[in-house]
Every structure is written in structure tokens, then in C-alpha cells.
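So the sequence lines, in the order shown, correspond to chains H and A.
My numbering applies: residue 4 is where the first sequence begins, and numbers increase by one.
My numbering applies: residue 167 is where the second sequence begins, and numbers increase by one.
Calculated from the structure, these hints are not laboratory results.
Yeah, the Cβ is synthetic: ideal placement off N, Cα and C, and Gly gets one too.
You may find that some hints are simply not true.
[Unchecked claim] Covered stretches of chain H, going by a simulated chain A footprint (3 or more residues, C-beta under 8 Å):
hint	segment
1	5-14
2	22-36
3	193-201
4	262-275
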Amino acid sequence: MKLTREIRLAGRLLARDYRAGELTLIAVAIVVAVAAVTTVSFFASRVRGALDQQANRLLGADLVIADSRPLALELKEDAARRGLSALDVMRFPSMAMRGDRSVLADVKVVTPGYPLRGELRVADRLFAPDRRAGAVPEPGEVWVDERLYTSLELDPGSRITLGQRDFKVAAIITHEPGVDVGFLSGAPRVMLNASDLAATGLVQPGSRIRYRLHVAGNDEALEQYRAWAQTRLRPGQRLEGIRDARPELRSALERAGRFLNLAALTSVLLAAVAIALAARRYLQRHLDSCAMMRCLGAKQSLIARLHVMHFAMLGALSAATGVAIGAAAQLALTAWLGEVIAVTLPPAGVLPAFQGLLIGMLLLLGFALPPLASLAHVPTLRVLRRELGPPRVSGAMGYVLGVAVIAGLVLWQAQEPRLGFTVLGWFALAIAAAFALSWLLLRALGTLRSRGVSWRFGVASLQRRALGTILQVVALGLGVMALLTLTVIRTDLLRNWRESLPPDAPNRFAINIQRDQVEPIRTFFGARGLALPEIFPMVRGRLVRIGDRSVSAENYADDRARRLVTREFNLSWATRLQPDNRVVAGLWWDGGSARADQFSVERGLAEALGIHPGDVLTFDVAGTPVAGTVTNLRSVEWDSFNVNFFVVSPPGLLEGYPATYVTSFHLVSGRVAFLNALVRAFPNVVLIDIAQALAQVQRMMEQAARAVQFVFLFTLVAGLVVLYAAVASTHDERVYQATLLRALGASRGQIHRAHLAEFVLIGVVSGLVAAVGATGLAYFIAHRFLQLQYALDPWVWVIGVAGSALGVSVAGYLGTRRVVTVPPLNVLRAMG
Amino acid sequence: MSKNLAQTIIRASGLGKQVITGGGGLTILSDVSFEVRAGEAVAIMGVSGSGKSTLLGLLAGLDTPSTGSVRIDGHELFALDEDGRAALRGRMVGFVFQSFQLLPAMTALENVMLPLELAGVEESRAPALAMLERVGLGDRVQHYPKQLSGGEQQRVAIARAFVTRPKLLFADEPTGNLDAATGAQVIELLFGLNRESGTTLLLVTHDEALTRRCDRVLHLAAGRLQVNDS
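My request is simple: use the sequences and hints to build the entire structure.
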């Protein structure tokens with residue numbers, strides 16, 4: 004037969020099967036899996052697109068050199084020599100004040116010409132139409148963003164105080180390079196002319212200032228400059244081009260995208276189970292048809308080809324539908340996450356669509372084709388002897404391909420082998436644990452067999468189809484667990500965490516205190532009847548060596564370790580151990596007699612960077628190497644909100660270096676006047692409202708959870724598809740059994756009750772599996788990430804078990820309600 | 167009844183079938199030899215378990231014998247491989263079964279079109295419609311098997327068997343699942359079509375009414391051919 008004719012015939016077979024409802028389940032499973040994955044890919048691709056498209060606008064230049072110390076003048080001079088434009092930008096946190104109000108602001112200091120790339124737009128009044136700025140604030144004036152404008156209740160022409168100077172607020176910034184993406188956009192912003200900086204008195208030794216040199220110009224000169232500047236960079240300096248703009252943002256988003264993708268893969272996994280179940284049913288129902296086709300003269304190869312084409316078309320159509328749903332759902336996800344993504348996203352590329360199609364086809368290949376391959380080998384004699392089936396392929400072997408497909412997908416989506424294999428390991432472990440648990444629970448159900456005829460039938464049919472039952476339980480359990488974790492458990496963990504904070508825990512940090520302000524501040528507190536705060540010195544230094552090996556990000560695989568070593572540490576000195584610290588290895592130094600060149604290192608940091616007692620650490624502090632031996636490791640209760648440091652030395656080692664001081668204190672609510680007086684007396688001191696910072700972290704966590712929740716909705720749908728597929732795969736058997744029972748005098752009610760008993764049990768067992776899993780996960784998160792004691796929440800079990808039993812019973816009832824409406828004679832006759 | 171009595175269309179020689187069971191070898195069919203001439207109508211009779219269906223399966227090339235051979239229209243059936251036999255069936259053979267064996271996912275029309283489609287016939291709809299018309303189901307072509315009565319399903323199966331104009335038609339208890347009146351209609355149809363198209367008929371049956379219409383009856387008992395009466 005010609006290929007085109009075969010394709011047409013395969014198409015007709017597909018249409019006929021589809022009409023007869025034989026393929027709906029497989030199609031739905033593929034649609035759900037592909038929709039889940041493409042929703043995430045489309046979304047991630049749009050966010051990536053936004054980053055790429057806006058790279059130089061984000062950067063505000065073609066090239067940026069960044070440091071926490073002033074940049075060498077030669078970097079700027081050389082740029083100018085090459086005909087490039089270059090200008091300095093500085094940023095630092097500071098309190099902005101107006102009357103009796105003050106707010107922590109992010110101050111950006113600019114020079115005329117800013118920005119070199121991208122656009123700065125301002126408006127004269129709040130919500131007035133904006134315009135291109137075309138300049139920077141005049142000396143004596145500042146521009147502020149809307150948040151600062153409203154939180155200080157400014158009016159056009161109001162004045163605000165920064166440090167020791169007053170400024171006229173001349174405009175409201177509506178758009179500014181570098182803050183397009185709203186992730187962690189931080190404090191309200193103020194833009195200041197560089198010529199006013201000195202007068203504010205805010206630049207002090209040790210102040211947290213970020214210095215940036217913005218460079219722009221033609222590509223060739225830029226490339227040469229880049230190559231030259233690379234050789235001039237000091238440790239800790241960063242050179243960012245358009246290609247690597249906002250690396251922290253990019254990698255955070257990449258990571259988030261990867262985790263969402265992996266979350267989406269749980270739906271793929273469940274869909275695979277549904278497809279395998281549905282394909283088996285398809286196989287059973289098509290044995291006769293294939294035997295008949297062989298009888299009518301079709302060759303084995305033709306039957307095999309027809310089925311491959313048939314399923315390729317099914318896969319393509321379902322996957323395309325999934326892609327379309329994914330494209331629509333990512334719009335919903337974008338809206339859902341509106342606050343996180345404060346930027347207009349460009350349309351998604353077509354790549355996610357192709358990925359979705361590929362995943363759909365791979366799922367079919369891995370899970371539908373192995374059982375279907377045996378269709379071609381149905382003995383023709385089956386037309387005369389119904390009991391003949393296809394030669395048995397070993398069940399496990401048949402799914403090697405499927406397992407390979409899933410493993411491949413996980414590794415592909417994880418993008419790095421380590422994460423991929425970790426996730427695969429967890430998948431395997433979770434599934435094995437769920438299998439074992441459901442097996443035990445199923446065995447325990449045996450005792451229910453003495454509870455009357457309906458229960459006996461329900462339990463008997465669960466135990467007879469043990470493997471199928473366990474598959475259903477595991478699939479549903481995973482779906483329910485995902486939902487429990489994101490609803491009940493999430494709320495629990497947040498509450499536990501909040502309750503773990505003592506009511507008088509510090510709620511304000513004061514940083515950037517100068518050495519000569521330490522005593523005046525203590526006096527200031529004492530004069531107002533507040534406990535004298537403990538004020539700690541803080542010196543910034545970069546870890547350059549551990550023992551004799553030099554430290555660089557390349558030496559660490561772990562993301563956190565890489566981040567830690569590229570940043571400057573806050574080092575401090577102290578005579579005695581803080582009350583919320585505990586020495587876990589080595590000994591704390593005694594009073595004044597100790598050697599000065601010692602370090603005490605926080606345990607978590609030591610583990611992340613591979614630091615052991617006895618190691619000699621060398622820090623680069625303001626260009627000078629400072630070395631000391633690690634003599635002890637400490638555990639620190641970070642969530643006490645006291646000031647704490649990763650690395651502490653005895654007095655004497657660090658005291659000669661530029662230091663600022665820091666403290667934390669508890670202020671009862673309503674004492675705003677105290678804060679304002681403090682800021683007024685010490686204008687360079689920066690106050691951080693911890694409650695506010697926590698609220699922001701919490702908001703971000705909520706939003707991230709929302710994204711995962713959205714993706715897990717697909718997982719739940721996939722779990723329901725598995726349930727339905729499992730019910731459908733036993734439909735013929737149920738009809739036959741119900742018919743026999745009715746022939747023996749059972750009422751419809753009794754049969755319904757037997758089915759209901761079965762589904763209630765499946766629901767209860769799935770709910771238990773889900774509750775165990777969710778609780779385990781909660782323990783893990785609480786201990787590993789939040790250092791909390793997790794108290795068992797009975798609601799996890801109540802909601803998990805009751806919800807799952809109810810949901811499964813309803814779905815199961817809907818799936819089997821027609822079983823008893825078939826007249827028994829029809830069934831018995833058809834069984835021949 | 168037929169035009170060319172001289173031509174042998176089926177020749178079975180020394181056919182035997184043994185299967186291995188838990189308790190050792192079991193002989194289902196032993197040394198069966200006979201010939202069928204083109205256009206003949208032959209019935210195979212015997213009690214349950216006498217080997218009728220096994221014989222029919224072997225003659226149609228649906229199963230392979232332990233001994234002996236079958237020639238269909240000059241082709242040595244078991245010299246062909248499985249696909250070769252399938253191709254031969256597709257060209258020459260039609261089937262009617264006791265349990266109808268219609269594909270449940272397809273309408274009556276699609277069931278009848280299927281053998282033509284499998285044979286790669288470009289226009290399969292018109293002949294299938296004509297054949298359904300001929301068996302009296304012109305108004306039920308879009309019905310699915312489960313929407314048809316047993317007699318109607320068997321008529322669809324007959325239409326499917328004849329639509330390729332086969333030289334040979336094998337029928338396995340074609341009236342076995344039908345009541346007497348419906349069975350009579352089906353017999354009428356089967357022999358009517360047989361007459362019109364000059365097909366050779368080979369039936370396995372218990373139905374006396376059916377055997378009376380045949381030219382010859384082969385009796386099987388315990389896997390052996392008893393009498394070869396013409």
C-alpha cells in the first residue's frame with residue numbers, strides 16, 4: 004500500500020477510535036502533561052526574553068565596572084582615551100527625612116550624561132504624564148520615586164533632608180534604567196546630583212557605597228576596552244557587559260524557572276502513568292480488531308505502521324492542544340504573578356511549543372508504544388479462539404523506554420546533571436516510599452472484609468488488582484500531597500516561624516554608625532529610658548585564602564558558596580561570646596590574654612566553604628591581607644534578629660581598619676518620634692525596619708509559592724486523569740462482575756455501595772500517603788531551611804484524608820455509574 | 167451449482183495438529199485429507215471439541231499444522247510466511263464468525279469498508295454501501311455494532327465478507343448466536359450471495375438447516391474425518 008494511502012487509512016482509524024472515545028484518556032493525559040510543561044517554558048522564555056531585550060537598558064550602559072570601593076581613575080581615563088563615554092554612578096542606602104517622617108531610601112548619585120543607555124523618565128506631579136528627563140537633577144534638587152513621594156507625603160516643591168542637607172524635590176522618577184524588573188527592587192529611590200554628595204556628609208569610611216563606572220560607545224572600542232579592563236580588575240571588582248547584565252537576577256530567574264519546570268514534571272510523571280494504563284486498555288480492546296485485520300489480509304508490518312502513524316497523529320494533535328492551553332495558561336500565570344514581574348514581557352518564542360510537542364511525542368513513545376507494539380503480534384487465530392492474546396512482553400522491560408524518557412526529561416529540564424540526578428533520586432525515593440506505604444495499607448484493609456458484602460467486594464477488588472490500586476494511590480497521593488504542602492503546610496510553617504520569634508526580639512537594625520557616634524548613641528538611648536544597646540564594630544573584608552589555597556568562586560559547585568566567596572564578609576571583634584551563640588568545635592578565647600590573630604567562624608559558613616578549625620584564613624581588608632587561625636566554630640541563632648557575624652576575631656586584629664558600627668534594638672510600636680529624633684541627631688545612620696523587611700521576604704515567598712501552586716494544579720488534574728484511567732481500565736471487568744452479581748440477585752444499590760467502598764478506600768489510602776508525605780516534607784523544610792521545630796498538624800491528616808476520600812468517591816462514582824445500567828443479557832451475550 | 171467443477175480450490179493433505187499441554191501431547195486433528203472444488207458449498211460438522219474450528223483455522227492459514235499441507239487455489243499455504251498468508255487471505259478469502267467480530271469502534275459502513283481499505287482500494291465507500299444495501303441494511307450504515315441486533319450484525323459481517331468478492335468464504339457457526347428465524351434469513355443471504363458471486367463456501371456448523379443447503383458434509387470426530395459423502 005502506498006504511504007499516502009496508509010497515512011489516510013491511519014487517519015481514518017484515528018478518527019473512528021476517537022469518535023468511539025477509545026483515545027480520550029490518552030489524549031487528555033498528553034494534553035495535561037504538555038500544558039503543564041509549556042506553561043512554565045513559555046513563561047520562563049518570556050522572562051528571559053525581557054532580560055535579553057532590556058539588557059543594556061537594565062545596565063544603563065554597554066559596560067559597567069562595579070566595586071564596593073572607589074574605582075581607580077585610570078579606568079575612566081582610558082575609556083575617554085578610546086573615545087568611549089564614561090561616567091560614575093554611586094549607590095548607597097540612607098535615611099530620607101521630611102518633618103517628623105523618615106524612610107530608608109536607596110540613593111543614586113549621578114553626573115550629567117546619565118544614563119548612557121536606556122531612558123530616564125520623570126513627571127512633575129504624582130500620576131501626571133511623564134516625559135524624557137534629558138538631564139540629571141540640578142544641584143540642590145533631587146528626584147524621587149513614587150514610593151518615596153507617598154511615604155514621606157510630599158507635595159510638589161517639598162523639601163527632604165539627606166544627611167546634613169536639604170533638597171528640593173523637583174520631579175518624580177517614573178522610569179529608570181536598572182530597576183525595570185521588580186524583583187527585590189528594594190527601598191524607595193532618590194536621585195542626587197554628584198556635586199551635592201560631599202555636602203550631605205553621608206560618605207564616611209566604611210559606608211556601604213557601591214561604585215559603578217558606566218561605559219558606552221562603539222563596539223570595537225568597547226571590546227578593546229573590555230579586554231584591557233579585564234587585566235586591571237582588582238579582586239571583588241565585577242565587569243558586566245550586555246551579555247551578563249544583572250547576573251544575580253538572571254541566575255535567580257533561571258533557577259526559579261528550572262524548579263518550576265521540575266514541578267511541572269510531576270504532572271508529566273502522572274500523565275505517563277495514565278497513558279500507560281490507557282494504552283493497556285486500548286491494547287485489550289483492540290486485540291480483536293487487530294486479529295480481524297490480520298484475518299482480512301493485513302500484514303504485521305502494516306498493522307504496526309498503521310498504529311505508529313495513528314499514535315503519532317494522536318500525539319501531535321494532543322500535544323498541539325496542550326501547547327495551546329499552555330500558551331493561554333502562561334498568560335494567567337503572568338497575571339497571577341503580576342507583582343513580581345513588574346516589567347512588560349515580550350511575547351514568548353516558539354521554542355517552548357516545539358519542546359511541548361516533543362514531550363508529548365516522547366511520552367507516547369515511552370508509555371503507549373511498548374504495549375501497542377504487541378498488537379501487531381496478535382495471533383490471527385484469536386478470531387476463532389478468544390482466549391488467545393498477544394505474546395507476553397515482560398511488563399518491566401516494556402517500560403524501560405518509558406523510564407528512560409522520564410529520566411531524560413528530568414535531566415533536560417534540570418539543565419545541570421547534579422540537580423537532575425538529585426531530583427530523579429527524590430522522585431524514585433518518593434515513589435518507592437509511596438508504593439511501600441500503599442502496599443502496607445492495602446494489606447491492613449484485609450480486616451474490613453468481614454464488614455458486610457459491599458465492603459468485602461470493595462476490598463476484594465482492590466486487593467485483586469493490587470498493582471493497579473497501588474499505582475492509583477501513588478498518583479493521587481502525589482497530587483494531594485503537592486496541594487497539602489502548598490496550602491496547609493505552608494500556612495503552618497509560616498505561623499510556626501512567626502511564633503518562634505520572641506515578642507521582644509529586635510525589630511530595628513541601625514547600621515552605618517561611625518566610631519565617634521558609638522558612645523553618643525548609647526547616651527541617646529539611655530536619656531530616653533531605653534535599654535543601652537550593644538553596638539558591634541564591623542569591618543568589611545574579602546576571604547582570599549583558606550590555608551595556602553586561594554579562594555575563588557570556581558572552586559565551589561554550590562550556589563550559596565559561590566555567592567558567599569564573591570561578596571565581602573562583615574568581620575567583627577569581641578571579647579565574649581554572644582548569648583545566642585554556642586561554640587560547637589574548639590574553644591572561645593579568654594578575656595584579654597588571648598592571641599589576636601584568631602577567628603571564630605559560623606558553623607554553616609564553615610561547612611559551605613570547607614573551613615576547619617586550625618585553618619589559617621586570610622582576608623583582604625581595604626587592600627591589606629589580614630590572617631588568623633580558626634580556633635573555634637560557632638552555631639548562631641540567626642532568627643533571634645540580634646546582630647551576628649560569620650567571622651569574629653579577638654580585639655586587636657581588626658581595630659586599625661575602617662570600621663562602621665551596627666546594633667539592633669526592640670522598639671515598641673508607636674515610638675516613631677524616637678526614630679525620627681535618632682535620624683535627626685545621627686543623619687548618616689541607616690535604620691532598617693525588620694518587620695518591613697520580613698514582610699517583603701514573606702510577600703516574595705507567597706508569590707513564589709503561588710507560581711508553584713499554579714503549576715501543581717496541573718499535577719492534581721493529572722492525578723485525577725490517572726484515577727479515571729484506572730477506573731476505565733477496569734470498566735469491562737466491572738461490567739461483567741456487576742452483571743454476574745445482578746444475575747445472582749444483587750440490587751443496583753448493593754453494587755453501587757461496593758464500588759463506593761472501593762473508592763472511599765482508595766481515597767483514604769491516598770490521603771494517608773499524601774499526609775505522610777506532606778508532613779515529612781514539612782519536617783524536612785522546617786529543620787533544614789528554617790531551623791524550626793515542626794508541630795504535627797492534625798488538619799493535614801483530616802483535610803488530606805477526608806478531601807481525598809470525597810474527591811475520589813465522586814470521581815469514581817461518576818466513572819462507574821453506568822456499569823449497572825447495562826442490561827445483564829447484553830453483557831452475557833457479548834461475552835459469548 | 168458451479169461453473170467449473172473440475173477445478174480444485176482447496177486441497178488438504180494429511181493435516182494434523184498436536185499441542186503440548188501440561189499432561190503431555192494432545193492430538194486435536196489427525197491425518198485429515200480432502201478436496202473442495204471451486205463453487206462448492208461444504209459443511210464441516212462434529213460435536214464440540216471434535217476439531218472443527220482447528221481445521222477451519224488451518225484451512226484459512228490462521229494457524230500452522232503439525233503435519234500435512236494445504237493448497238489454496240494452487241498456492242501451497244504453509245510455504246508462505248505469516249504475512250504471505252495474510253496477503254493471500256486479503257486477496258481471496260472472506261470470513262463470517264459466530265460472534266460476528268465487528269470492530270466496535272467503527273460504524274457498519276466503516277466495518278464493511280475496512281477490507282477494501284486494507285487492500286488499498288481507492289474507492290471503498292460505494293462498493294461497501296452497495297453491499298450493505300444488498301444485505302438489507304441500507305438505512306443503518308451509520309450505526310455502530312452495539313446499536314444493531316444480532317441478526318443485523320451478522321448481516322454486516324456477511325457484507326464485509328463479500329465486499330472484496332472473495333473466491334473462498336469461511337464461516338464459523340454463522341447462525342450459532344442467532345434465533346431460528348434470524349438464522350434462516352442469514353442462511354438465505356449467505357447462499358444467495360454465494361450463488362451471485364460464485365464463491366466457494368466452507369462452513370463449520372451444528373445447524374441442520376444450514377447443512378441441508380450444502381453440497382457436501384464432512385464429519386469430524388475426535389480429530390479424524392469420518393465420512394466423505396457427496
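Now the hints, each set against the structure:
Requiring three or more residues with a Cβ within less than 8 Å of a Cβ of chain A, the coverage given for the segment 5-14 of chain H holds, as 3 such residues are present. For a cut-off of 8 Å, the count of residues in the segment 22-36 of chain H with a CB near a CB of chain A stands at 3, and the three-residue condition holds. Coverage of a stretch by a chain is defined here by at least three residues with a beta carbon nearer than 8 Å to that chain's beta carbons; for the segment 193-201 of chain H and chain A the count is 0, and the condition is violated. Using a Cβ-Cβ cut-off of 8 Å, 0 residues of the segment 262-275 of chain H lie near chain A, which falls short of the minimum of three, so the contact claim is violated.
Checked against the numbered hints above, the structure violates hints 3, 4; every other hint is satisfied.
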